[in-house]
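Colleague: Sequence:
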Amino acid sequence: MDLQLFIVFNFKSLFNNIFDLLILSRLEGQLPEIIPVDEETNEQLLKDHAGERTGWYLVGPEKYCFPSRYALEAPSFLNTKTRPDDVWICTFPRSGTTLMQELIWMVVNDCDYEAGKRGLWERSPFFEVCLFFHPETQEKFIRENAGNPGNQDYIRGMATPAYEYLDESESPRIIKTHFPPSLLPFDLETNQSKVIYVARNPKDVVISYYHLLKLWRTSDYVNTFEQFATQFMDGLVPWAPFWSHVQEGWERKDQDNYLFLFYEDIVKDMKGTIEKVAEFLNKTMDESDVDILVEHMHISNFKNNPAVNFEDHRDIGILSKTDQSFIRQGK
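When the letters of the sequence shown are read in order and numbered with the UniProt record's numbering, they come out as residues 1 to 331.
Worth flagging that the hints you see were computed from the coordinates, not collected in a lab.
Incorrect hints may have been included.
[Said to hold, decoys possible] Taking lysine-lysine pairs in the DSS-like style, the calculated list, with each CA pair at most 25 Å apart, reads: (1) 214 <-> 203; (2) 203 <-> 117; (3) 283 <-> 253; (4) 203 <-> 63; (5) 117 <-> 303; (6) 117 <-> 140; (7) 47 <-> 214; (8) 47 <-> 276; (9) 268 <-> 303.
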């Protein structure tokens, strides 16, 4: 039996001993508290999120909600080595993350539209996406792509923790995360890596997030919007609670290495946002370059840009084969 299959069939048993490691790490001051949700809640969340097969956990004093793999990966995430020229896009899900990834990548890379034809996933990795590739779900995707080794390798790559390959990435690295600031790598503040935090009206977030979790088969949310909205308000959806997350970003807005933005301001004044981001990242842009980038970021162009709309994920089967687009209305 190869290692991947061993993990798949023994995944739940790994958790019998994981808390010994967690307790030891906490004594050394390395990890936040990580506790399982109560049995009744866990049973409901497992029914609602068909992509997760093991269980759900609450992390830190704010009790951020994550699937089971976080308990295994937390030490490595928190001890990932950052760099002074890193740029981290930090958001609660569906707060304008993809928009800012593309904007920041273009600013940092001098608006290289040819290089920007590569998928955004490759240009700006999602730090913790592996948490949502439960081994059983991953194997399901691989079976569905039998006979297509390229797709199978892509799935394995997405399921690989980013900390395993970020060290090999060239600087400057542009990294997407939905972790709140308190769960970012320990040395980020020491290295003064740049963090751009984006917040959005929760009324819009909750609707968009519901559709996203139904679209992504790694989550495969199957319950109603009413149930999801209740869980959202109770802090029982991935990366919640929302207000604690945003508060952490807001509390750091005056730090030299943080830029706090509101999504509504971004779409209202894209040109001003580009200029603000460029100044924060110490990049000089000609007015003509700014104007071209504004047009590139317009929702009608952005939504139809194959480098950012993840249609290749639909072909692989990671996104549901529905009419719903990853990029929604942008409103």
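Colleague: Run every hint past the structure and note whether it holds.
Modeller: Consistency of the hints with the structure:
{"no.": "1", "hint": "214 <-> 203", "verdict": "18 Å, holds"}
{"no.": "2", "hint": "203 <-> 117", "verdict": "33 Å, violated"}
{"no.": "3", "hint": "283 <-> 253", "verdict": "20 Å, holds"}
{"no.": "4", "hint": "203 <-> 63", "verdict": "21 Å, holds"}
{"no.": "5", "hint": "117 <-> 303", "verdict": "14 Å, holds"}
{"no.": "6", "hint": "117 <-> 140", "verdict": "29 Å, violated"}
{"no.": "7", "hint": "47 <-> 214", "verdict": "13 Å, holds"}
{"no.": "8", "hint": "47 <-> 276", "verdict": "44 Å, violated"}
{"no.": "9", "hint": "268 <-> 303", "verdict": "17 Å, holds"}
The structure is inconsistent with the numbered hints 2, 6 and 8, although it conforms to all the rest.
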